[in-house]
Structures are given as structure tokens and as C-alpha cells.
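Please model the entire structure based on the sequences and the hints provided.
From first to last, the protein sequence lines stand for chains V and X. Residues 11 to 325 (the working numbering) are what the first sequence spells out, left to right. Residues 35 to 283 (the working numbering) are what the second sequence spells out, left to right.
None of these hints come from the bench; they were simulated from the model. Hints are not guaranteed to be accurate.
To be verified - DSSO-like, lysine-lysine: derived pairs with alpha carbons at most 27 Å apart:
1) Lys133(V) - Lys38(V)
2) Lys133(V) - Lys55(X)
3) Lys85(X) - Lys37(X)
4) Lys37(X) - Lys281(V)
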Amino acid sequence: MARVLVVAECSGERLNASTAKCVACASKITSEVVVAVFAPSAAEAPAEAASLAGVSRVVHVEWSSPPLAASLAPEVASLASGCTHVLGPSSTFGKDLLPRVAALLGVGQVSDVMSVLDPYRFKRPIYAGNAIATVRAPSDSTLVATVRLASYAAAGSAAPPAPIEIRSPGTAAPSHTRFVELRAEHADRPDLQTATRVVAGGRAMGSAENFARLYELADALGAAVGASRAAVDSGFVANDLQVGQTGKIIAPELYVAIGISGAIQHLTGIKDARTIVAINRDPDAPIFEIADVGLVADWASAVPELIAALRALPR
Amino acid sequence: MLKVLVAIKRVVDYNVRVRVKPDGSGVALDGLKMSINPFDEIAIEEALKLKERGQAAEVLIATVGDSEAQQQLRTGLAMGADRALLIETAAPTEPLVVARALRALIERERPDLVLLGKQAIDDDHAQTGPMLAALWDRPQATFASRLEIDGARARVTREIDAGLEVIDVDLPAVVTTDLRLNQPRYVKLPEILKAKKKPLDVLPLSSLGVDARTRLVVERVDAPAPRARGIRVQNAAELVAVLRQRGAL
Chain V
11 MARVLVVAEC SGERLNASTA KCVACASKIT SEVVVAVFAP SAAEAPAEAA SLAGVSRVVH
71 VEWSSPPLAA SLAPEVASLA SGCTHVLGPS STFGKDLLPR VAALLGVGQV SDVMSVLDPY
131 RFKRPIYAGN AIATVRAPSD STLVATVRLA SYAAAGSAAP PAPIEIRSPG TAAPSHTRFV
191 ELRAEHADRP DLQTATRVVA GGRAMGSAEN FARLYELADA LGAAVGASRA AVDSGFVAND
251 LQVGQTGKII APELYVAIGI SGAIQHLTGI KDARTIVAIN RDPDAPIFEI ADVGLVADWA
311 SAVPELIAAL RALPR
Chain X
35 MLKVLVAIKR VVDYNVRVRV KPDGSGVALD GLKMSINPFD EIAIEEALKL KERGQAAEVL
95 IATVGDSEAQ QQLRTGLAMG ADRALLIETA APTEPLVVAR ALRALIERER PDLVLLGKQA
155 IDDDHAQTGP MLAALWDRPQ ATFASRLEID GARARVTREI DAGLEVIDVD LPAVVTTDLR
215 LNQPRYVKLP EILKAKKKPL DVLPLSSLGV DARTRLVVER VDAPAPRARG IRVQNAAELV
275 AVLRQRGAL
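Take a look at the structure:
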């Protein structure tokens with residue numbers, strides 16, 4: 011019987027929403043899902059993990075230092091014994107950590123699992139999502155994989171919660187890698203990676219001042235804010251807002267693209283959104299090819315009108 | 035002064051849109067323009083900057099691939115690398131095999147810093163850097179958007195989902211590059227001619243004594259499912275009405 015170890019991602023002392031998505035993927039492989047949570051002793055994250063549907067057990071490794079891959083990888087590799095699979099999110103946390111774990115275990119990795127065909131066969135995107143590969147991994151060694159978050163809905167909650175086993179770290183953290191600081195820039199807004207609604211702007215916004223107008227629209231929608239690579243490269247916003255092949259791959263319920271032409275690298279990052287809205291003054295912009303609803307208009311007139319129309323909605 | 039190893043990969047050019055073969059056997063690559071993986075080009079540029087600032091003594095570029103990959107090594111030499119090495123194999127590889135080959139190369143070359151792209155834009159695995167760091171038992175700093183060398187230590191700013199993370203790593207270390215680390219230089223014709231005289235060595239992968247068996251099998255490759263065709267609206271009010279109808283608001 012397969013047993014999957016899911017490496018939880020935490021945001022501070024809370025569970026990051028990516029973990030529930032990994033659990034959903036793990037549940038497609040087996041009913042025996044163990045979640046490893048690296049968090050301080052009083053953190054809420056282990057209990058949050060224990061209440062996710064499909065989780066059979068939580069291992070809470072008491073961990074108070076920043077989650078550096080060099081320190082976590084040996085812990086995860088040791089927790090992996092007795093498990094057939096190790097899964098983690100295809101977020102920057104998982105992309106940093108899981109290949110290091112795989113190499114310590116002497117096995118390859120399946121990156122960005124978008125669908126589980128059987129416990130050792132998966133679909134994953136290649137060439138920025140322009141092709142989908144069906145890959146088979148050997149069943150005689152531990153399978154390490156990252157989960158493409160946009161492909162999975164979060165596991166729901168279950169009662170009673172799964173048992174939580176508390177452990178101390180088994181290995182001494184290497185001293186060669188030291189955390190200095192984290193500069194988080196948008197702590198007051200919904201998290202782009204996991205938001206249900208996202209408003210994103212592109213190069214056509216023209217300036218950082220103009221781009222800031224999108225925050226008003228995002229507030230009217232209760233949405234997170236994202237940007238195309240062109241808008242990031244033009245210096246309108248910080249790079250952690252970038253959506254696309256080399257930025258974040260997202261799958262919100264509603265994605266509103268404003269002044270984004272729709273380069274293939276960008277479309278890769280949004281094409282799993284349930285509803286895609288495009289507002290662009292160029293009627294031939296490629297973004298309209300994948301938009302569910304398109305509006306040919308200049309942002310400068312459309313955005314204020316849209317904000318007014320949203321505010322006029324009955325609450 | 036540092037010795038820097040940059041690992042690169044030959045991939046389909048960034049601007050080429052690939053097509054899936056009708057029989058599902060893979061992606062049609064014949065006749066397509068091939069280039070250095072863009073993130074690896076950023077890695078080369080960063081190494082050259084270190085050399086120009088007087089912090090690196092030598093920049094060695096290496097790749098694992100077939101003989102055609104010499105073209106991309108020549109491009110790297112034309113950018114300014116001092117020497118190049120092709121670890122040659124005609125067989126398909128995967129990140130763990132490449133990491134093992136680079137690990138063996140490190141044993142011979144003893145670099146202080148290994149730079150490579152955060153991911154290759156063909157298979158999008160994003161694995162080789164951390165795998166190499168694990169096999170080497172050295173620090174890794176992935177998704178670097180800023181790299182400062184201070185003696186035997188590197189301070190790296192990493193682009194992570196939560197913002198910008200700054201870490202210090204002791205050298206030698208593996209650093210993988212993100213887009214905003216730098217803007218790679220254009221190669222001028224005189225440099226291309228000069229690069230023809232720079233050393234480019236070829237070493238068979240089999241001579242490195244590493245396990246080069248691939249373990250992942252690609253059974254088939256398909257085109258992604260298309261999205262249903264959308265509709266156009268005339269104004270913001272109609273947009274809101276349509277979204278309400280669809281249950282999106």
C-alpha cells in the first residue's frame with residue numbers, strides 16, 4: 011500500500027493554503043497520507059493540517075528556525091523512510107526543497123504534477139504548458155514529486171482530526187547557510203498564489219502611479235493583485251506579483267487581465283483560472299483568445315466604470 | 035579570486051512556439067532555432083560580471099548533451115567565458131544525471147561558485163541546482179535576483195512567493211538565477227570570431243564514472259486541452275452583468 015509523505019508549507023505559524031492542495035493530490039495516490047509540519051511548538055499549523063480531509067497522521071517536527079532547504083532536506087529524507095512517495099508544493103518553497111530531498115534519496119523527481127494516472131504515472135506540463143507529458147517513474151524506489159497547485163482544489167476539512175505526533179529534529183542544521191531577512195511587500199492583501207479572485211495589470215498601464223489604480227478595483231472585488239512580466243520589467247510593481255511561466259502559476263475563480271497583451275509565458279500562468287476576463291484596447295491582443303469575457307477598451311475609462319458598476323451591485 | 039563554473043543547457047529558443055507531434059511521441063524539434071536556456075544565459079552574465087569586478091579569476095562553462103551543444107558553448111565563450119567543456123552523451127538525460135555529472139566535474143575543477151539557471155524552459159523541471167548542491171553537500175541559493183560576494187561568503191537575495199528573502203551562504207555554493215539578476219549582454223561579431231580560438235574540450239559522459247541511467251520515462255506528449263471560445267461585451271456594466279450571470283461575482 012502506498013504511503014505518501016506531504017511536506018507542509020507554512021506561512022509564519024499558520025499552514026499555507028498550498029498544503030491542502032498537496033493533500034488533495036496525495037489522496038489521488040493513496041488513502042494513507044502523512045503530513046510533515048515543520049513549525050514552532052505552539053504553532054497552529056499542525057492542528058490545521060490534522061483537520062484536512064484525507065490526512066491520516068501529522069508529524070509535527072518542532073522547528074523554530076527559518077525553513078531553509080539545506081536544513082529541512084535531511085529531516086524530510088529521514089521522515090521519508092517507510093513512505094513510498096514524498097510530495098510538496100510547486101511553490102518556491104517546494105521547488106527549493108524537494109529536489110534537494112530527491113538527490114539525498116538518490117532518486118529523480120516528477121515536477122509539477124497536474125494529474126495522477128496511477129501511483130507512478132502522472133501528467134505534467136512542459137514547454138511552458140504548451141505540451142503535456144505523461145511520465146512514468148520507477149515503482150521500486152521512493153517517488154519524489156512537486157504538485158502543480160493550480161491543478162488541485164484544496165482538500166476540505168474533516169472531523170475528527172488526525173492524530174499529531176510530535177518530534178524533535180533528528181539532524182543538526184548545517185551552519186553554511188544562514189537566514190538574514192525576509193522582505194514581504196504585500197502582507198495586507200490577499201495572497202496572489204491562493205486568492206480566489208485576481209486583478210492583474212500589464213505594460214499598457216504605463217506607470218507605477220497608473221498601476222496603483224488597480225488596487226482600488228482589487229478592493230472592490232476582494233481580489234489579489236498580479237502583473238505581467240512586462241509590467242514588472244517596466245518597474246511598475248515588485249517582481250513577486252509576476253504571473254506566468256517564470257512567475258506564479260495561478261488558478262483563481264476569476265482572473266481580470268487589464269492592459270495585458272497575453273504573451274504565451276503569461277497565458278501559461280493563468281489558463282486554469284475558471285473565468286478569465288480581458289480588458290485591452292487592442293482588439294487583436296492574444297489575451298482575447300483565451301478570455302471567457304473580453305472588453306475592448308482603454309483601461310483608463312474601463313477601470314473607473316468597472317469600479318462604479320461593482321459598487322452599485324446589491325450587497 | 036573565485037573560480038566560477040556555469041552550467042548551461044541547449045534548449046529551443048525562447049521565442050519559438052513548439053508543436054506536439056501528432057503521434058504523441060514528443061515535441062517536433064527539427065529545424066527549430068536552439069539557444070542557451072535564458073536563465074543559464076543570465077548565469078553566464080553574472081559570472082562575467084564577477085570577473086569584470088575583479089572577484090572571479092576564471093569562468094568555465096559546461097553542459098551535458100550531444101555534440102550540437104557545442105554551438106551554445108561557443109556562444110558562451112563569445113559572451114566572455116574563458117573556457118568551455120562539453121560532457122558529451124547522445125542519450126537523453128534527466129536532472130539527477132546532469133547533477134551527478136556536474137558533481138564529478140566539480141571534483142576535477144574545484145570551483146568556488148557554481149551558477150546555473152533556476153529552470154530550463156524546455157522540460158521545466160527546475161531540479162538540477164538543488165540536486166547538485168545536495169550531492170555536493172554544499173549550500174544552495176535558488177531564484178537569485180541579487181548576488182554579492184564578500185570573501186568566502188555570498189549574500190544572495192532570493193525571489194520567493196512571500197517576497198524577497200536574503201540568505202548568506204559559505205562558498206563553495208550553488209546559486210540558481212532568476213530573471214531579474216541581470217540583463218545578459220549581446221554578443222558582437224568580433225567576439226564570435228575570437229571565441230573560435232578559445233578552448234572547448236569534450237569529455238564523454240561515460241568517462242566520468244557516474245550512474246547515467248535515466249529513471250523517468252516519458253510515455254507520451256499531448257497538446258493541452260483548448261479553452262472554450264469566449265464572448266465580447268461592450269462596456270463595464272455589461273461585463274458585470276455577464277459575470278453575475280455566470281456566477282463569477
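A quick look at each hint next to the structure:
| no. | hint | result |
| --- | --- | --- |
| 1 | Lys133(V) - Lys38(V) | holds (13 Å) |
| 2 | Lys133(V) - Lys55(X) | holds (17 Å) |
| 3 | Lys85(X) - Lys37(X) | holds (9 Å) |
| 4 | Lys37(X) - Lys281(V) | violated (43 Å) |
Checked against the numbered hints above, the structure violates only hint 4.
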